[in-house]
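Peer 1: Chain by chain, the residues:
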Amino acid sequence: MADTKKRSEGSSPGMAFERPIQELEDKLSELEAISLRTNMDLASEVEALRRRLSETIETTYAGLSAWQRVCVARHDKRPTALDFIEKMLDEFVELHGDKVFGDDKAIVTGLARCGERRFLLVAHRKGRTTKERMAYNFGCAHPEGYRKALRKMRLAEKLGLPIVCLVNTPGAYPGIGAEERGQAAAIAENILQMFSIRVPIVVVVIGEGGSGGALGIGVGDRVYMMEHAYYSVISPEGCAAILWKDGEKTPDAAEALKLTAPDLLDLGIVDGVVPEPAGGAHRAPLVAMAQVRRQVLEALDELESIPPNRLIEERRVKFRRIGEIPGRFPVVS
Amino acid sequence: MPDFALNPESPERKRASSASSEREIVPPARAADAAQVEPEAAAEDPSERRGRRLWKKKDMPGGLWLKCESCGQMIYRKELEEKGRVCPACDFHFTLPGRERVRMVLDEASFQERFAELTALDRLHFNDSVPYADKIQRSVQKVGQNEALICGTGTVEGRPVVLAVLDFSFMGGSMGEVVGEKIALACDLARKEGRPLVVFTSSGGARMHEGMLSLMQMAKTSAALASLNEAGGLSICVLTNPTTGGVTASFASVCDITLAEPGALIGFAGPRVIASTIKQELPPGFQRAEFLLEKGQIDRIVRRRDLRATLAALIDFGVGSRGAARG
Ligand SMILES: [Zn+2]
Chain A
0 MADTKKRSEG
10 SSPGMAFERP
20 IQELEDKLSE
30 LEAISLRTNM
40 DLASEVEALR
50 RRLSETIETT
60 YAGLSAWQRV
70 CVARHDKRPT
80 ALDFIEKMLD
90 EFVELHGDKV
100 FGDDKAIVTG
110 LARCGERRFL
120 LVAHRKGRTT
130 KERMAYNFGC
140 AHPEGYRKAL
150 RKMRLAEKLG
160 LPIVCLVNTP
170 GAYPGIGAEE
180 RGQAAAIAEN
190 ILQMFSIRVP
200 IVVVVIGEGG
210 SGGALGIGVG
220 DRVYMMEHAY
230 YSVISPEGCA
240 AILWKDGEKT
250 PDAAEALKLT
260 APDLLDLGIV
270 DGVVPEPAGG
280 AHRAPLVAMA
290 QVRRQVLEAL
300 DELESIPPNR
310 LIEERRVKFR
320 RIGEIPGRFP
330 VVS
Chain B
0 MPDFALNPES
10 PERKRASSAS
20 SEREIVPPAR
30 AADAAQVEPE
40 AAAEDPSERR
50 GRRLWKKKDM
60 PGGLWLKCES
70 CGQMIYRKEL
80 EEKGRVCPAC
90 DFHFTLPGRE
100 RVRMVLDEAS
110 FQERFAELTA
120 LDRLHFNDSV
130 PYADKIQRSV
140 QKVGQNEALI
150 CGTGTVEGRP
160 VVLAVLDFSF
170 MGGSMGEVVG
180 EKIALACDLA
190 RKEGRPLVVF
200 TSSGGARMHE
210 GMLSLMQMAK
220 TSAALASLNE
230 AGGLSICVLT
240 NPTTGGVTAS
250 FASVCDITLA
260 EPGALIGFAG
270 PRVIASTIKQ
280 ELPPGFQRAE
290 FLLEKGQIDR
300 IVRRRDLRAT
310 LAALIDFGVG
320 SRGAARG
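Protein chains in written order, with numbering that gives the first Met the number 0: chain A, 0 to 332; chain B, 0 to 326.
If you are wondering where the hints come from, they were derived from the structure by calculation, not from laboratory data.
Treat the hints loosely; a few may be bogus.
Stated by the list, open to error - The calculated lysine-lysine pairs, modelled on DSSO-like cross-linking and capped at a C-alpha distance of 30 Å, are:
{"#": "1", "chain 1": "A", "residue 1": "Lys130", "chain 2": "A", "residue 2": "Lys86"}
{"#": "2", "chain 1": "B", "residue 1": "Lys278", "chain 2": "B", "residue 2": "Lys294"}
{"#": "3", "chain 1": "A", "residue 1": "Lys104", "chain 2": "B", "residue 2": "Lys278"}
{"#": "4", "chain 1": "A", "residue 1": "Lys244", "chain 2": "B", "residue 2": "Lys66"}
{"#": "5", "chain 1": "A", "residue 1": "Lys104", "chain 2": "A", "residue 2": "Lys86"}
{"#": "6", "chain 1": "A", "residue 1": "Lys248", "chain 2": "B", "residue 2": "Lys278"}
{"#": "7", "chain 1": "B", "residue 1": "Lys77", "chain 2": "B", "residue 2": "Lys141"}
{"#": "8", "chain 1": "B", "residue 1": "Lys141", "chain 2": "B", "residue 2": "Lys66"}
{"#": "9", "chain 1": "A", "residue 1": "Lys98", "chain 2": "B", "residue 2": "Lys294"}
{"#": "10", "chain 1": "A", "residue 1": "Lys157", "chain 2": "A", "residue 2": "Lys86"}
{"#": "11", "chain 1": "A", "residue 1": "Lys98", "chain 2": "A", "residue 2": "Lys86"}
{"#": "12", "chain 1": "B", "residue 1": "Lys278", "chain 2": "A", "residue 2": "Lys130"}
{"#": "13", "chain 1": "B", "residue 1": "Lys278", "chain 2": "A", "residue 2": "Lys244"}
{"#": "14", "chain 1": "B", "residue 1": "Lys278", "chain 2": "A", "residue 2": "Lys76"}
{"#": "15", "chain 1": "A", "residue 1": "Lys98", "chain 2": "A", "residue 2": "Lys130"}
{"#": "16", "chain 1": "A", "residue 1": "Lys76", "chain 2": "A", "residue 2": "Lys26"}
{"#": "17", "chain 1": "B", "residue 1": "Lys66", "chain 2": "B", "residue 2": "Lys278"}
{"#": "18", "chain 1": "A", "residue 1": "Lys104", "chain 2": "A", "residue 2": "Lys157"}
{"#": "19", "chain 1": "B", "residue 1": "Lys66", "chain 2": "B", "residue 2": "Lys77"}
{"#": "20", "chain 1": "A", "residue 1": "Lys157", "chain 2": "A", "residue 2": "Lys98"}
{"#": "21", "chain 1": "B", "residue 1": "Lys141", "chain 2": "A", "residue 2": "Lys248"}
{"#": "22", "chain 1": "A", "residue 1": "Lys317", "chain 2": "B", "residue 2": "Lys191"}
{"#": "23", "chain 1": "A", "residue 1": "Lys244", "chain 2": "B", "residue 2": "Lys141"}
{"#": "24", "chain 1": "B", "residue 1": "Lys294", "chain 2": "A", "residue 2": "Lys104"}
The following block holds chain B by itself, in its conformation from the complex:
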């Protein structure tokens, strides 16, 4: 089973799901499990695990076809790419590589990247089987950028924004010092230049190779967001598949407006962690965007092809926000 076991339900059927809201009672044996699973860091090294599974293992020979992780349909790769990586059969929105996201969201040639030079430091000299320093190097080479966050300025249908995009293909979009710092810098930039902040997330959570320095990025990003809020800056976060752990439990959940792409897996703990803690099967559609909408956790689900228009409309409603700023 892959970590993010994607259920075979269509978005419509997913919506029908409704899990019990009873509090779970945990006998001592299970509490030990709960103690062992730290959702923030469930990220581990998804680039190595999930990513490969998603894009390589499921490929048919020749790599022309791949299997939709939501409905199981075989899709011609070229067709999927032409459709913006949205499944033609079930509308599942596949994870979009960071650069592709930037191209999709911003007006052509409007993007000016910032802080791209920041590179992860292996401050704990972390070493499991492969030294973390080597993992960073490999990711830098594979993805062609220094870290998991792409950040800069640009326009959405002519409206200036600060854009921050978490790239799942770089170590599972996990948040270490550099990702946290860049989110904070993006908040500062938005505040200084009076632009709305638009964030796209896809992340397994905190990057455990950086230990507590990564957990503290949850606080650092929130500190910067608090200052942006005080200045009356508008922030919009679009949660895409998958967003879990420390990213969900910090800046991604507390922007002014929270959007999500259809079918996106969004949660605090990963589904496998929850299933092993409560020793129960999870209800169908659990932690999907539709489920979160139903539970009142997000403002709106937006299809990829409507994203630019929706962002533009929301930004237009936000232009007055600075006028009402405190302080």
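Extracted from the complex, chain A is given alone in its bound form:
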């Protein structure tokens, strides 16, 4: 267990806006410790502080900028796929490898069960410690990761199991090996094939939705985002560097890109926003994960009865119509 002092320093970058919250949290735990140590009755002080804390959290999080949300989405205490597997699933049998080149650890795939519901889980895997993060390449997948995902999705289709994809990646890995083995083609193939897979697909962006690397496992009948996740065509840093030619403009780029969950709900790109506990998922991971679990199971229930042909047709129409303005595009059927 990391010591709480260290955590309250805010090890995650860009979280300086949480300082007032952290100060109150520190004070609160101090007060509680004193009360415990000295047997003094500090209940009313503790209660007052708690109220102030929750008010501060609420006002801070109500006014988050797009860039601050990106930092929350990247928070190193934010629940990752590994936490979901450990805490949200009742059973998980990991299935490795693309059976061609290797086993990309940036994407984890396996047979999963939540209560009575069985499904295939496909998720970017980021890791929680530095060692894990390096082992999983920070959730930046190679072509074999996308091919592994597709192979397992075909298995799910055969077994009649629905598919749940948890998206959390800064982007697909840009490297020599990735290009040699067809990074673009692997992502393209997944996107194309996901429009023909005859079982329900539910996608949740749980942290970072990094461009094509996210979309490579991101086509579904329902696409949700956690409240403080982001989903973007380019990282705010990359956008600022290219368009503003100034890294300092990253917050402006984040704002302009309309990458937050509420913005994307407005644009019709996602079907719903999964609420996070006050102060973000990193503050109460279990509560946050339970919300995701509830949303996923609800969506799977809804989709269960739709016949495969209609499912695929509606999936295609859904993506054809994203951002549609009636009468804007000619209709060719």
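Assemble chain B with the ligand onto chain A, guided by the hints.
Peer 2: Relative to chain A, chain B with the ligand alone:
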């Protein structure tokens, strides 16, 4: 260094290159870099940057001569144009403006343009230094068309096709809502009329000024292509210099047959992005058409002057495809 730094290797020497296929190990510091570079959108505004570099900066005074971006040879502009914009010294195939491509590929006067009226909307009210709406206007005026994709029907040596051409001179051939929609409509048209779909790409990727609406075009185009596939329609994509990002990572890579022009830069991430991520020099010929052929990523490299004949031959092999269609 221009974004697409073109290497001075001849196509023959390029072929000799072979990069290590080891997986890169990324220390934390580099992962931050990886997180910062989104290849799909590496497109930015290449019309303003690369395009100008390519055609203006390298010009000699008077604009009669220009320097080949591949071999460095000075070429008389008129000679280059007469040779279909192929370098007489090294055979590098220069990016062809969209209209010129249409003229080159289709039989004379057979082209009937479709969906030309579709114009980009600035739905995010995107504004860096210049409002996106103004950038669109400027491109429309400069290029003389509404968007980066030219699409329509025509014939190739008498064979009817649906043709879609990405025009690099319009905002770097980047894919926004209209480009995505037109590709999807081209797929629909090909399916409805039973014509093969022929796509030419040159693009920096997704158009980041349209945010997630542009990323979603990768899905939209794929949805339309999936329906075309199901109907048994033949699709052929010709990758030309340069094709990167979200275009490569969607419809351009998953047509039935993937061709490329000699020397074309083709990739997911741009070379500069990769070099800065892995902090290594890239092997010579990396991401060129010859490299992709060597790695098994494309079906065939076709020289510009052989394109029509090759397309015609492939189309003839594809006539039966509808008969075998599922459903
Ligand atoms: Zn040359």
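Peer 1: Now look at each hint and say whether the structure bears it out.
Peer 2: Here's how the hints hold up against the structure:
{"no.": "1", "hint": "Lys130/A - Lys86/A", "result": "holds, 21 Å"}
{"no.": "2", "hint": "Lys278/B - Lys294/B", "result": "holds, 23 Å"}
{"no.": "3", "hint": "Lys104/A - Lys278/B", "result": "holds, 22 Å"}
{"no.": "4", "hint": "Lys244/A - Lys66/B", "result": "holds, 27 Å"}
{"no.": "5", "hint": "Lys104/A - Lys86/A", "result": "holds, 20 Å"}
{"no.": "6", "hint": "Lys248/A - Lys278/B", "result": "holds, 24 Å"}
{"no.": "7", "hint": "Lys77/B - Lys141/B", "result": "holds, 22 Å"}
{"no.": "8", "hint": "Lys141/B - Lys66/B", "result": "holds, 23 Å"}
{"no.": "9", "hint": "Lys98/A - Lys294/B", "result": "holds, 18 Å"}
{"no.": "10", "hint": "Lys157/A - Lys86/A", "result": "holds, 27 Å"}
{"no.": "11", "hint": "Lys98/A - Lys86/A", "result": "holds, 29 Å"}
{"no.": "12", "hint": "Lys278/B - Lys130/A", "result": "holds, 21 Å"}
{"no.": "13", "hint": "Lys278/B - Lys244/A", "result": "holds, 21 Å"}
{"no.": "14", "hint": "Lys278/B - Lys76/A", "result": "holds, 29 Å"}
{"no.": "15", "hint": "Lys98/A - Lys130/A", "result": "holds, 26 Å"}
{"no.": "16", "hint": "Lys76/A - Lys26/A", "result": "holds, 21 Å"}
{"no.": "17", "hint": "Lys66/B - Lys278/B", "result": "holds, 29 Å"}
{"no.": "18", "hint": "Lys104/A - Lys157/A", "result": "holds, 24 Å"}
{"no.": "19", "hint": "Lys66/B - Lys77/B", "result": "holds, 13 Å"}
{"no.": "20", "hint": "Lys157/A - Lys98/A", "result": "holds, 17 Å"}
{"no.": "21", "hint": "Lys141/B - Lys248/A", "result": "holds, 29 Å"}
{"no.": "22", "hint": "Lys317/A - Lys191/B", "result": "holds, 20 Å"}
{"no.": "23", "hint": "Lys244/A - Lys141/B", "result": "holds, 24 Å"}
{"no.": "24", "hint": "Lys294/B - Lys104/A", "result": "holds, 23 Å"}
Of the numbered hints stated above, none is contradicted by the structure.
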